[in-house]
Amino acid sequence: MGKIFETPLYPYERSPDQDAGVPVRHPVVVIGAGPIGLGAAIDLAQQDIPVVVLDDNDKVSFGSRAICFAKRPLEILDRLGCGQPMVDKGEVWNTGKVFFDERQVYAFDLLAEEGHKRPAFINLQQYYFEEYMIHRLRELQAQGKPVELRGGNKVSAIGQHDDHVTLEIDTPEGPYNIEADWLIACDGANSPTRKMLGLDFVGRVFEDNFLIADVIMEADFPTERWFWFDPPFNRGQSALLHKQPDNVWRIDFQIGWDIERDEELKPENIDKRLRAMLGEDIRYELEWSSIYTFQCRRMEEFRKGRVLFAGDAAHQVSPFGARGANSGLQDTDNLAWKLKLVIEGKAPEALLDTYSAERVYGADENILNSTRSTDFITPKSEISRIFRNAVLDLAEEYEFARPLVNSGRLSVPCIYDGSALNGPDAPDLPRRTRTGAPAVDAPLADGWLIDRLGDRFQLLAINCEAPDVVEEGGIAIETLHLSATPEIVERYLGDAESAVYLLRPDQHVAARWTAFDEGAIRAALKTATAQGDA
Amino acid sequence: MPGLNTAPNIANADDFYAALLALHEGHSKEESDAINARLILILANHIGDGEILKQALEAARKDMP
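Protein sequence lines, in the order shown, are assigned to chains P and Z.
In terms of the working numbering, the first sequence is residues 1 to 534.
In terms of the working numbering, the second sequence is residues 1001 to 1065.
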């Protein structure tokens, strides 16, 4: 049996659309069956919005590629019904160690807090990630949900109109055309959709190359993230070691700008690097290798008329901090409910402009963090190297220098401070669950809070009365009464007597108060669906 | 609001200056650069206050762009 990434999981099949007299119109078409495109499709399909996914390939990701998945995306995957197999298969890790030259300079622990369903991070090869998403998509199909995945379908032309998009698609059996009310482009950093529409993708280029070697080996390194600055086996550069399931180890060498790509990728040259790092007598099998460079850049707007961009197609960051796939999943988490309300005529199209505004804000946060990490890891001037090394020199002995060490600021959920969709905040309530923040998980008597949230507007009522349902403009808000357990008090109530939270379908806080006020809730719902007076 | 103290504040200025030079004595330019960088980080942490650090960075810039 071959590797999962060598097996066609969605081979080309002829669609009735190819034999239709006139192009068939679909409510939503997604381009790209990577993690983000599949996330968008599952999210919409499980809420009964018909969606067609087009991909020019028919297999999951070749090689492990994205491997670190953070807590917030795992919660999103739980909402999509495919978080459990990822966590079951993934390697949970909490500890990171940083080495400088030959010494360990410090170690950090990511998760200090109890009372969350999901861990801070798991490592999982992207091919498994995509495989489990495809399983979920097949499961939805079996339940009769309206979702199609068309492999071997390459979009070759896109026409933009006021109220729809036309698509020309190449297949092994020739071209055909379809139409879409809405198009979601999840076709990666080199997005052909973006290029076909002639849209900008501006940012900073980093002149450096990194060599990834994913090796299968029996090794007794712990399940931790190890990062080296200027180690003896890769002088003047950095290196990373990270464990994945099935005894696959991610090893990442910084190799500089002036290199001969083909030479570096020769197995005998990779072998030299691995033996210098891990010892002459290691036994391993090379599963996948790749050389990458990176840029930190984004599109100016993630919406262009009827076309919405998500994931790397919309924004690109360096890999340090695992902010690529993790932020892409937060894109579609933000987009799906908005698109659903617009398609159902319950919210104006302006709601989709807030997708762009909120996720541009998220992308800027990721680009800022990722750029700073990159500047620390690969100093661009003599003086920046001097300061970088001074930080590392001091970190071993002095605690104060450790927060300055930047081997990647790991992905944390985006808080939409200042969003136009935000209603009132109650400053007396705990800051971590302020308006704009994603709900913070907590244990309940019969499970986890996070599992009770999402896919609809909800009211959390703590120590106060509230009707079971409030309806406004065809949108229902369901109430969830919470007991004031220690975690709920710590995360949602603080010193207040009572609290009421309005949550969006993506589990973010839309508004919050210290008492129930139906008029205020109705107004906040209008604001949260871009129907406010502003 | 207390700002960056630019009034004389070191009790024995000549002693401090001599100690600063002594710290660098016998070191190469490269080693001295590393010592200076460590010193800046140690002092900056001791100050801590972001507003004062900002004023210190501006004062160090003098009239350079």
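Honestly, I wouldn't trust all of these hints.
Partial list, derived from the structure: chain P residues whose beta carbon lies under 10 Å from chain Z [claimed, not checked]:
1. V87
2. E382
3. I386
4. F387
5. N389
6. V391
7. D393
8. L394
9. Y398
10. F400
11. A401
The set of hints was computed from the structure by calculation and includes no laboratory data.
For every residue, glycine included, the Cβ atom is placed at its ideal position computed from N, Cα and C.
Here is what the structure says about each hint:
1. V87: violated, 39 Å
2. E382: Interface hint status for E382/P: holds (8 Å vs cutoff 10 Å).
3. I386: holds, 5 Å
4. F387: holds, 5 Å
5. N389: holds, 7 Å
6. V391: holds, 6 Å
7. D393: For D393/P, the interface hint holds, since the closest Cβ of chain Z sits about 6 Å away, which is under 10 Å.
8. L394: This interface hint holds because 6 Å falls under the 10 Å limit.
9. Y398: It holds, given that the least Cβ distance between Y398/P and chain Z is near 8 Å, below 10 Å.
10. F400: holds, 4 Å
11. A401: Constraint on A401/P satisfied, holds at 6 Å.
Going down the numbered hints, you'll see the structure goes against just number 1.
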